[in-house]
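Please model the entire structure based on the sequences and the hints provided.
There are 2 protein chains.
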Amino acid sequence: MRIALLGAGTVGGGVIEIVDSRAPSLEVARILTLPGTYDDPRVTYDFADIVSDDSIECVVEAMGGLEPAHTFIMESLAAGKHVVTANKAVVAAFLPEFCAQAEESGVGFFIEATSGGGIPWIASIEKARRIDRIDRISGILNGTSNYIVDRMAKDGAEFTDVLAQAQALGYAEADPSADIDGIDVANKCIISSTVAFGTLCRRDIPVHGIRNLTKADLDTFAGLGYAVRLMARAARDDDGYAACVEPVLLPLASVEGNVPDNFNIATLVGTTVGPLKFYGQGAGALPTGNAMVQDLVDCAGGERPVYPTGETLSWKPGLLRADYVFRTAAALPADTPGTAVEVAPGYVSVGGLSATEAAALADALLAEDPATLMAAVADVD
Amino acid sequence: MRIALLGAGTVGGGVIEIVDSRAPSLEVARILTLPGTYDDPRVTYDFADIVSDDSIECVVEAMGGLEPAHTFIMESLAAGKHVVTANKAVVAAFLPEFCAQAEESGVGFFIEATSGGGIPWIASIEKARRIDRIDRISGILNGTSNYIVDRMAKDGAEFTDVLAQAQALGYAEADPSADIDGIDVANKCIISSTVAFGTLCRRDIPVHGIRNLTKADLDTFAGLGYAVRLMARAARDDDGYAACVEPVLLPLASVEGNVPDNFNIATLVGTTVGPLKFYGQGAGALPTGNAMVQDLVDCAGGERPVYPTGETLSWKPGLLRADYVFRTAAALPADTPGTAVEVAPGYVSVGGLSATEAAALADALLAEDPATLMAAVADVD
Numbered sequence: 001m002r003i004a005l006l007g008a009g010t011v012g013g014g015v016i017e018i019v020d021s022r023a024p025s026l027e028v029a030r031i032l033t034l035p036g037t038y039d040d041p042r043v044t045y046d047f048a049d050i051v052s053d054d055s056i057e058c059v060v061e062a063m064g065g066l067e068p069a070h071t072f073i074m075e076s077l078a079a080g081k082h083v084v085t086a087n088k089a090v091v092a093a094f095l096p097e098f099c100a101q102a103e104e105s106g107v108g109f110f111i112e113a114t115s116g117g118g119i120p121w122i123a124s125i126e127k128a129r130r131i132d133r134i135d136r137i138s139g140i141l142n143g144t145s146n147y148i149v150d151r152m153a154k155d156g157a158e159f160t161d162v163l164a165q166a167q168a169l170g171y172a173e174a175d176p177s178a179d180i181d182g183i184d185v186a187n188k189c190i191i192s193s194t195v196a197f198g199t200l201c202r203r204d205i206p207v208h209g210i211r212n213l214t215k216a217d218l219d220t221f222a223g224l225g226y227a228v229r230l231m232a233r234a235a236r237d238d239d240g241y242a243a244c245v246e247p248v249l250l251p252l253a254s255v256e257g258n259v260p261d262n263f264n265i266a267t268l269v270g271t272t273v274g275p276l277k278f279y280g281q282g283a284g285a286l287p288t289g290n291a292m293v294q295d296l297v298d299c300a301g302g303e304r305p306v307y308p309t310g311e312t313l314s315w316k317p318g319l320l321r322a323d324y325v326f327r328t329a330a331a332l333p334a335d336t337p338g339t340a341v342e343v344a345p346g347y348v349s350v351g352g353l354s355a356t357e358a359a360a361l362a363d364a365l366l367a368e369d370p371a372t373l374m375a376a377v378a379d380v381d
Numbered sequence: 001m002r003i004a005l006l007g008a009g010t011v012g013g014g015v016i017e018i019v020d021s022r023a024p025s026l027e028v029a030r031i032l033t034l035p036g037t038y039d040d041p042r043v044t045y046d047f048a049d050i051v052s053d054d055s056i057e058c059v060v061e062a063m064g065g066l067e068p069a070h071t072f073i074m075e076s077l078a079a080g081k082h083v084v085t086a087n088k089a090v091v092a093a094f095l096p097e098f099c100a101q102a103e104e105s106g107v108g109f110f111i112e113a114t115s116g117g118g119i120p121w122i123a124s125i126e127k128a129r130r131i132d133r134i135d136r137i138s139g140i141l142n143g144t145s146n147y148i149v150d151r152m153a154k155d156g157a158e159f160t161d162v163l164a165q166a167q168a169l170g171y172a173e174a175d176p177s178a179d180i181d182g183i184d185v186a187n188k189c190i191i192s193s194t195v196a197f198g199t200l201c202r203r204d205i206p207v208h209g210i211r212n213l214t215k216a217d218l219d220t221f222a223g224l225g226y227a228v229r230l231m232a233r234a235a236r237d238d239d240g241y242a243a244c245v246e247p248v249l250l251p252l253a254s255v256e257g258n259v260p261d262n263f264n265i266a267t268l269v270g271t272t273v274g275p276l277k278f279y280g281q282g283a284g285a286l287p288t289g290n291a292m293v294q295d296l297v298d299c300a301g302g303e304r305p306v307y308p309t310g311e312t313l314s315w316k317p318g319l320l321r322a323d324y325v326f327r328t329a330a331a332l333p334a335d336t337p338g339t340a341v342e343v344a345p346g347y348v349s350v351g352g353l354s355a356t357e358a359a360a361l362a363d364a365l366l367a368e369d370p371a372t373l374m375a376a377v378a379d380v381d
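Top to bottom, those sequences are chains A and B.
Here full-length UniProt numbering is used: the first residue of the first sequence is 1, the next is one more, and so on.
Here full-length UniProt numbering is used: the first residue of the second sequence is 1, the next is one more, and so on.
Just so you know, these hints were derived from the structure itself, not from any lab.
Here the structure is a predicted model, which is why all the values come from computation and not from measurement.
One thing to keep in mind: the hints can contain errors.
Each pair may be met inside one copy or between any two copies, as identical chains are not told apart.
[As the list claims (entries may be wrong)] Dumping the calculated EDC-like pairs for lysine to aspartate or glutamate here, alpha-carbon to alpha-carbon at most 20 Å:
no.: 1; residue 1: 127; residue 2: 17
no.: 2; residue 1: 154; residue 2: 54
no.: 3; residue 1: 154; residue 2: 381
no.: 4; residue 1: 316; residue 2: 103
no.: 5; residue 1: 154; residue 2: 323
no.: 6; residue 1: 127; residue 2: 20
no.: 7; residue 1: 127; residue 2: 303
no.: 8; residue 1: 215; residue 2: 369
no.: 9; residue 1: 127; residue 2: 342
no.: 10; residue 1: 154; residue 2: 57
Below is the structure:
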């Protein structure tokens, strides 16, 4: 199968390396890049060269960002080409539009690499759904934030120092907000929830990051028996669903609380199979490239994934309820729901909040004390 | 697709429940049981009723044991019926014979449920191999032994007390030796290694169980920073492979060292994807039934798995090398390889043994002191 690659950065480079060395039935025929970035006879700077080339059966989008990725994906699908993408932002924003165009054109649209890097996560959700209803999903879905929290805990280091180290290693971007504020995880959570629950997950789920986490916080939580991880969680029942992204306090002696370095882990809970967890490299040239080449092999074998969104589930924030710990110099508003208890000097636990209520409370406290920290004491399967 | 079920015990009952409630395209048409064990109009006591029934397309073997399972599988395949099995003992013993007959008859032979219960482990190995060479696998593949070790550590209980509790809960058999002596894990390790490495794994791999593990051992190891788990490990290089089953000392702050209750976890390491871990219920009616129904859905969809064994890899015990800790009243033989160091009162570490050398040393020590304990300080991916 002849493919064209949009973008030859980290992930695109991984795709080229794996296809050239390990997938003899595939051929990277064209590569779209910006002028001066990649020296290869297959390079073009003009997307029209690709979309008008009838010998190209599949377009692999590894550019990132909303535009021109959105336009190029739509034009590729409309031209009757399969599309494989690793772009979580564009898929979280436009999944129904992409699926409708793929169906109309009779081609495949593949999204394994958007969530969990090399972990076969989307395919595993789809497989589980053949038999089971999936009632809950959760996961550590951002390697950069996991690396930061894990190194802070193991080295006794401060957030800013580890962030600088992660940036030097190439684990974190110069502008790290997508990773540390939960935006990247939110996109993956929206995609995963949509595939798992069969309903289109809303885009404005409650999202709270780890920017304000300190070494002293980790020490305090360890004293209470907890590790911290930035996690996505989502749940459904017969007629509703909820999803969120937030720091979660996990028992020190738990699987998630011991996920090291920049690894990811994702969990689904199915009716008959129970909890299944999937662990691996959530980013990087070769792991994410591997996920894209797995999609390409499926595509060449005739698979045409379908992500049904026909279930009508309403937004039901009460499905995600937990106790939340706040470290803040601000006073709790008088109308704070639940009961507040001091669990350590300077740390107050508010019982039984929904993730939506907790995020709203955190926003109110942050307006008064910008260093406020929030974390959920959530049950993770 | 009309199927016949051989055996209506725990796993067979799970298959019936899942097919009847969640898989409308499948029909359990006949059920082979012993007289008096299961009351259902579909029951027969005579395998000839099934093998001669041309309307039965697939036979689901959930009897366990070598015979008559081996004969019934071979006759089903020879009669042109697909076979789905959960029977690790018969697959570890006869996989090449089954595969040859399936190929000759042009039918499918499915083994997902033999290893890791509800975890999509065999399918994940096969998928990873489409692109990567798999260099190592490892795993906690026996729920009973994991339950025993986890409860011993968490409750400060002795082996025999937790074993009795596991037997009362139905997690352990009246004769627990297959679980606690590593025999069950060895069968799963042989099957997994064969599928992962593409070579037929020998049947007499070194196997050592947890029968002699005491509460005092767990306390000592915890003091050294280690948890204990019964694990399978296997590795290959360009021309050789090795595999073993033994107790392994894992860092207290590791994923494997925190796998709770009767859960399983299995790891593969691929060339480009790196380490991938898969976690879930390794046994039980619904999880194992789920794995069999997943195989049935694949079978009905036309999939015909192939487990190639064409790679000629020689047995190379040196590929699995580690330090081993022994607690024994026996004296180490004068010809013990490696260097011995006391790591705690009564516990000696012998450096750099292959798993084969360690098992031989353990056997020699056990002949003198039947309470001898052995555990590997092995790197787990």
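Taking the hints in turn, this is what the structure says about them:
no., hint, verdict
1, 127 / 17, "between (28 Å within a copy, 19 Å between copies)"
2, 154 / 54, "neither (54 Å within a copy, 63 Å between copies)"
3, 154 / 381, "between (25 Å within a copy, 19 Å between copies)"
4, 316 / 103, "neither (30 Å within a copy, 51 Å between copies)"
5, 154 / 323, "neither (26 Å within a copy, 25 Å between copies)"
6, 127 / 20, "between (29 Å within a copy, 19 Å between copies)"
7, 127 / 303, "both (13 Å within a copy, 14 Å between copies)"
8, 215 / 369, "within (18 Å within a copy, 49 Å between copies)"
9, 127 / 342, "neither (44 Å within a copy, 50 Å between copies)"
10, 154 / 57, "neither (48 Å within a copy, 56 Å between copies)"
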